Structure formats: C-alpha cells, structure tokens
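K.L.:
Sequence:
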Amino acid sequence: MRKESSVLTPTTPKPSPPQAPAVRLVEVTEEHDGQRLDNFLMRLCKGVPKSHIYKAVRGGEVRVNKGRVSPDARIHAGDIVRVPPIRLPAVDQKRVVPGAEFPIVFEDEGLLVIDKPAGTAVHGGSGVSFGVIEALRAARPEARFLELAHRLDRDTSGLLLIAKKRNVLLSLHEMFRESKGSKHYLALVEGDWVNARQHIRLPLTKWTTQTGERRVKVEAEGQVSHTIVSAQKRFNGYSLVDAELRTGRTHQIRVHLASTGFPIVGDDKYGRDETRAKFVKLGFNRMFLHAHRLDIPHPLTQEALSLIAPLPKACEALLQKLEQQ
Numbered sequence: 001m002r003k004e005s006s007v008l009t010p011t012t013p014k015p016s017p018p019q020a021p022a023v024r025l026v027e028v029t030e031e032h033d034g035q036r037l038d039n040f041l042m043r044l045c046k047g048v049p050k051s052h053i054y055k056a057v058r059g060g061e062v063r064v065n066k067g068r069v070s071p072d073a074r075i076h077a078g079d080i081v082r083v084p085p086i087r088l089p090a091v092d093q094k095r096v097v098p099g100a101e102f103p104i105v106f107e108d109e110g111l112l113v114i115d116k117p118a119g120t121a122v123h124g125g126s127g128v129s130f131g132v133i134e135a136l137r138a139a140r141p142e143a144r145f146l147e148l149a150h151r152l153d154r155d156t157s158g159l160l161l162i163a164k165k166r167n168v169l170l171s172l173h174e175m176f177r178e179s180k181g182s183k184h185y186l187a188l189v190e191g192d193w194v195n196a197r198q199h200i201r202l203p204l205t206k207w208t209t210q211t212g213e214r215r216v217k218v219e220a221e222g223q224v225s226h227t228i229v230s231a232q233k234r235f236n237g238y239s240l241v242d243a244e245l246r247t248g249r250t251h252q253i254r255v256h257l258a259s260t261g262f263p264i265v266g267d268d269k270y271g272r273d274e275t276r277a278k279f280v281k282l283g284f285n286r287m288f289l290h291a292h293r294l295d296i297p298h299p300l301t302q303e304a305l306s307l308i309a310p311l312p313k314a315c316e317a318l319l320q321k322l323e324q325q
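Going left to right, the sequence shown walks through residues 1 to 325 as full-length UniProt numbering numbers them.
These aren't lab readings, by the way, just hints derived from the structure by calculation.
If you're wondering where the values come from, they're calculated on a predicted model, not measured in any experiment.
Certain hints may be false.
[Said to hold, decoys possible] Quick list of the computed label-pair ranges, beta carbon to beta carbon:
#, residue 1, residue 2, range
1, ALA277, ARG154, 15 to 23 Å
2, GLY47, SER230, 39 to 47 Å
3, ARG154, PRO85, 23 to 31 Å
4, ARG43, ASP192, 42 to 50 Å
5, GLU107, ARG154, 18 to 26 Å
6, ILE80, LEU282, 26 to 34 Å
7, PRO117, LYS180, 23 to 31 Å
8, ALA139, ASP72, 38 to 46 Å
[Stated by the list, open to error] List time: in silico DSS-like cross-link candidates among lysine-lysine, alpha-carbon distance up to 27 Å:
#, residue 1, residue 2
9, LYS321, LYS269
10, LYS66, LYS55
11, LYS164, LYS180
12, LYS50, LYS206
Glycine is no exception: its CB is placed at the ideal position from the N, C-alpha and C atoms.
All chains, full assembly: derive it from the sequences and hints.
P.N.:
Rendered as structure tokens:
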C-alpha cells in the first residue's frame, strides 16, 4: 500500500504588531515662539481630538522643560515640549480635509480677513473634524503660516482675522490684549432696547455643565468684561443692536445681553427655546449675531483699517419680515 506523501504548506508570516508611538521631545523653533501650547500641539498631532490633547496636558503627560503647564501657556523658541503618544493617527492614515476658500474682505502679505459663514467652526475639535483654518490650509498648501488671530463662535458669522506671519499674529494678540481698535457686532435681541448707548460691565466665569458643555455665567469673582450696546432699530418686540467688544471673553456678547434681559434670537445656549422655534418656522435657523465691523491699525504698517462684512442675506430677509409685521 502506497503512502501518500505529505505536503508542507508554506505559512504566511504574521505581520509584526505596529509599534506603539513613543514619547517625543520636540524643540520649539522661532516660527512658533509665543504660540499657545494647545495650538502648537494641535498642529503637531494632526487628527487627534482637541479634548484628548487637553486631557494629556492637564494630566501632566505633556510637559514643557520638564514642568507641568496649562493648555493656554505660551511656549518660546528653545523650549523642549514632551509629547506623549496621544492617539496619533497611523503613518499611512491620511485625514482628508477638503480645501475651501471664504469671501475675502482684506488680504495682503501678512493678513487675511474673511467673512465667515454661520454654522462653520473656526477650527476642528469638540466633535468637529475640521474648521475654517484647516480648510484654508488645505486650499493653500503653499502657505507656510496660517493661524487664527481670534475666535468666532460656530453660529456667529462675519469678520475673522487670520495671520499669515508669526509677527502679525503676535502683534494682533497684543492689540487685542490692550483693547486697541474696536470690534462691532450686530445682534437681533428679544425686547425693546430703548437706551441709545449702554455700557454693560458684568464679570464672567466659564463653567461646564453635567453633559460636558462649555458655558459662561455672570459671577462676581469672574473676569472683568465690558460691552457697549447701541440701539439700531426697533421692531415689534425685537431690537437690532450694535455690540462693541471692549474685552474679548468667551460668549461675552451673548451672556451680557441675556443677563440684562435681551437674549439674542436663535441663541441655543442662552436664549429661549420658544423664540428659537418661532424663528425656525419663519425660515431662520441660526443665531442672529454677526461680526460686522472692525477698526484696527494694520499689525505691520499701523495704517488704519476699517473692515466691514455686510449682514448675510438670511439676516436681511428676516429684518424685512419683521418690518412687515
């Protein structure tokens, strides 16, 4: 009886498991001198959720010159930043960010000012994959430097400043800290605003809800905050006002107006649900807050700049409806 010969089947070698990303020590270059730590890490760890970066910093995993720091700490050229493996994406895993341009109000070699649409975040994080700044970088791959000079809430439209050079960014930050120039917003609020011009000085404090949402409230121990509100036009139970920021706190205009009894129409955090539902039925499904005018010295030449973004069509159409009521 013939024995069948045994056949050896070659086995496919098992791929070696991917190596876990190691801790990195990154030296800060001149290009990033003076930048906030959280912004530095977001560029260094592209694709990592902002919440993970904040957790790593607050947990002491991220260190600057071997010391613990806060996410908003400024880093300087020569600093050594310890970057832990904060769930970095795989080397061959590319996060596709569609490039996009936005209506340009002003642009030169150092400064870009756009008219941001409502509903668009200024940067990725908090459940948003990408925002204005990531889309602009994708649309302008040749740009060596593009950084937000300030923030606008996702549902706020209007003027947004982007620095194209590090010295422009630092100059704008200093200007905002010293309250130079003026930033004006247009808001539609509930109620009849009767004062021609009113100063609101209410200290503000950030807090977090049980569901993890970031909010702001008026509190005696809070940060000094100053808004100047001027009447523009009154409708039947609503008012269009100009709000000038003299300080730049998170949600400042929204909280100041709501705390004085004049919440902004469509504000899902500090406004009334009934009002928001009423205006959705009218076809208006955003917050009526628009960064309308900006008067600043140019950060390089000191030439006076007066920048204007007209009200979006949806806001103009709503005002026309209110006039007809």
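K.L.:
Does each hint hold? Answer for all of them.
P.N.:
Going down the list of hints, with the structure as the test:
1. Remark: the range hint 15 to 23 Å for ALA277 to ARG154 is upheld by a beta-carbon distance near 20 Å.
2. One distance hint, 39 to 47 Å for the beta-carbon pair GLY47 and SER230, holds here, with the actual separation near 44 Å.
3. A C-beta distance of roughly 30 Å is found between ARG154 and PRO85, which places it inside the suggested range of 23 to 31 Å.
4. The hinted window of 42 to 50 Å between ARG43 and ASP192 holds, with their beta carbons roughly 47 Å apart.
5. A C-beta distance of roughly 23 Å is found between GLU107 and ARG154, which places it inside the suggested range of 18 to 26 Å.
6. The hinted window of 26 to 34 Å between ILE80 and LEU282 is violated, with their beta carbons roughly 56 Å apart.
7. In this structure the hint that PRO117 and LYS180 lie 23 to 31 Å apart at CB holds, the actual value being about 27 Å.
8. For ALA139 and ASP72, the hinted distance range of 38 to 46 Å is not satisfied, since their beta carbons lie about 28 Å from each other.
9. As the CA atoms of LYS321 and LYS269 are separated by approximately 25 Å, the hinted pair is consistent with the 27 Å bound.
10. As the CA atoms of LYS66 and LYS55 are separated by approximately 17 Å, the hinted pair is consistent with the 27 Å bound.
11. A C-alpha spacing of about 20 Å is found between LYS164 and LYS180, which places the hinted pair at or below 27 Å, so the restraint holds.
12. About 18 Å separates the Cα atoms of LYS50 and LYS206, which keeps this hinted pair within 27 Å; it holds.
When the structure is compared with the earlier hints, violations turn up for hints 6, 8 and for no others.
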